[in-house]
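J.: Sequence:
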Amino acid sequence: MFQTYDVIVVGAGHAGCEAAVAAANMGSKVLLVTMNMQTIAQMSCNPAMGGVAKGQIVREIDALGGYSGIVTDESAVQFRMLNLSKGPAMWSPRAQSDRMQFAQKWRMMLEDHPNIDFWQDMVKELIVEDNRVKGVVTGMGLSINSKSVVLTNGTFLNGIIHIGEKQIGGGRSGESAAKGITEQLVSLGFEAGRMKTGTPPRVDGRTLNYEAMEIQPGDENPSRFSYTETSPLVNQLPCHITYTSQEVHDILRTGFDRSPMFNGRIRGLGPRYCPSIEDKIDRFSDKDRHQLFVEPEGRTTCEVYVNGFSSSLPEDVQYKAISKIAGFEKVKMFRPGYAIEYDFFPPTQLSLSLETHLLKGLFFAGQINGTTGYEEAASQGLMAGINAHLSVVEKDPFILKRSDAYIGVLIDDLVTKGTQEPYRMFTSRAEYRVLLRQDNADIRLTPLAVELGMNYMDDRIKKVEDKVADAKKITRFLNECSVEPDQINGLLEEKGSMPIKQKVKAQGIILRPNISIADVRSVVPGLNEFLSNYKAEAVEQAEINMKYAGYMAKEQEMVDKMSRLEMLKLSESFAYHSLTSLSAEAREKLTRMKPMTIGQASRISGVSPADISVLLIHLGR
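Throughout the sequence shown, residue numbering follows our numbering, covering 882 to 1502 in sequence.
Don't read these hints as lab results, they were simulated from the structure.
Any given hint could be a false lead.
Claimed, not checked - Below, simulated BS3-like cross-link-like pairs (lysine-lysine); rule was C-alpha separation at most 25 Å, straight line:
no. : residue 1 : residue 2
1   : K1168     : K1205
2   : K1168     : K1047
3   : K1428     : K1382
4   : K910      : K1241
5   : K1450     : K1276
6   : K1201     : K1047
7   : K1376     : K1386
8   : K1282     : K1435
9   : K1298     : K1241
All chains should be modelled from the sequences, with the hints used to inform the complete structure.
T.: Structure (structure tokens):
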């Protein structure tokens, strides 16, 4: 009934979809197994992609040939570039999506791929022979053979939904949990743990008074996530902002004795940076209000997502409290918020390729690794799919360094440091964030994808080459183009900048604080005429390169200094226990985590600089 597949992907969430596409675009024959074909690429929580650091990840996925950016652009109802008041290293794209359209677009793109097959069933067991994965066994008892398996189980492994004192087995509202895999992997020597996440109530937008809330429109000139030519966003939908109050908090507190978070029924750790509303009012009792974002679920539904009001309190308490929020006085709920507890596997059991140490051909991606967030999951799926294919064709894994991408930071953090709570990406986790901007993800990563052998990249690499070439032409012109005092002094005075007494090069003006290319071209007709021949992204690239050249050069120096440690390879079979000059903790952790490089070894908690010196001496360095 089934052929032997190159890659079987278990789960069709954000990680699973990207894993399937990545492996298929590399040339593998892929089977995507999901418990419900109707919930492929479901946005389980908020209907949005991107945000601080997360937007950078989506752009990196797109640059590597993934589909998350394309799907987001095609289903967006609002786009905002966050942190524009800061430097470009902090600019982060974010889009509200139409939940149904997002899932539909993903499914269409998957179904259009000739290398992807589908099967609706639960996977209850892995086929294992000689410490290698050879396929899966489904709930129906079907054995399906493959050369590799990617597990992207999300919140479904022994998932339990908590609403007040109610406990419901399930991986998502209305969907059953997956059983069997955790138990098998533990019996094979894997370590498993429990984590928790949650979601807010969904409400009827027809019953809300938006006049009582602050409006939050999208950008006047919305950008896009994908570097491909996706459809422009028109007719954006607004979001709204409202606030809780002391009265709301007091009502919520009445349910604390029935809260699974406070009475010990939930043992898994929840996300630090996306706490439930009851957690917020407990931890920040000095605050008399908390901000809520009221987000539309799509263009063709009245369903609304109440971002910031995640809760596992009893549904009656949730309703009483939410109806006291400004604009929610007549609210009707579609469903209450809930918490969900699920199994994960500490990611220190993986190599940087996301392949497990214990079983060859088995890869983990997404929340199974202890992360939270669509973007974090999707990026892991992409990398796991690529590396599953490379393992099948017996090629070296594709590893992104911390200086290459936020994706590299994410995976290195997980594998090297592990996580005790749901991991979320932030710009502060990246030490080279000036180099890892959202605007240059294509320049950084698309050539790597092409070199790797990713198919369907011809148009993408052509766009990258054109963008780089155009940015250089613009820079050269600005170095040569002179600006007269009578052209520019009015603008300079307006901006509080010193006027000029003789003509100067345009670049010198643009390098001044608070002066942009847009400012200068508005008063210099010759410059405006020249720049009108180029795309906005090429102009932006040229400006960033000029203004931040010094910062980028310093950061590149740091990268170069660290790169020698990253280039010193360590064998997976390295006998650390035989090096008695290593500390006992270093021997234990290095043996267990099997770092691939000296650089990675140096970032393991408990491995000291003295231990690294021992390793370097042993390697003859």
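J.: Are the hints correct? Go through all of them and say.
T.: Evaluated hints:
1. K1168 to K1205: Distance ~17 Å between K1168 and K1205 Cα, so the pair holds.
2. K1168 to K1047: Between K1168 and K1047 the Cα gap is close to 29 Å, so the pair fails against 25 Å, i.e. violated.
3. K1428 to K1382: Between K1428 and K1382 the Cα gap is close to 23 Å, so the pair holds against 25 Å.
4. K910 to K1241: Answer holds: K910 to K1241 is near 19 Å, not above 25 Å.
5. K1450 to K1276: holds (16 Å)
6. K1201 to K1047: holds (18 Å)
7. K1376 to K1386: Given that 25 Å is the threshold and the Cα spacing comes to 18 Å, the pair holds.
8. K1282 to K1435: holds (18 Å)
9. K1298 to K1241: holds (22 Å)
Of the hints listed earlier, the one the structure fails to meet is number 2.
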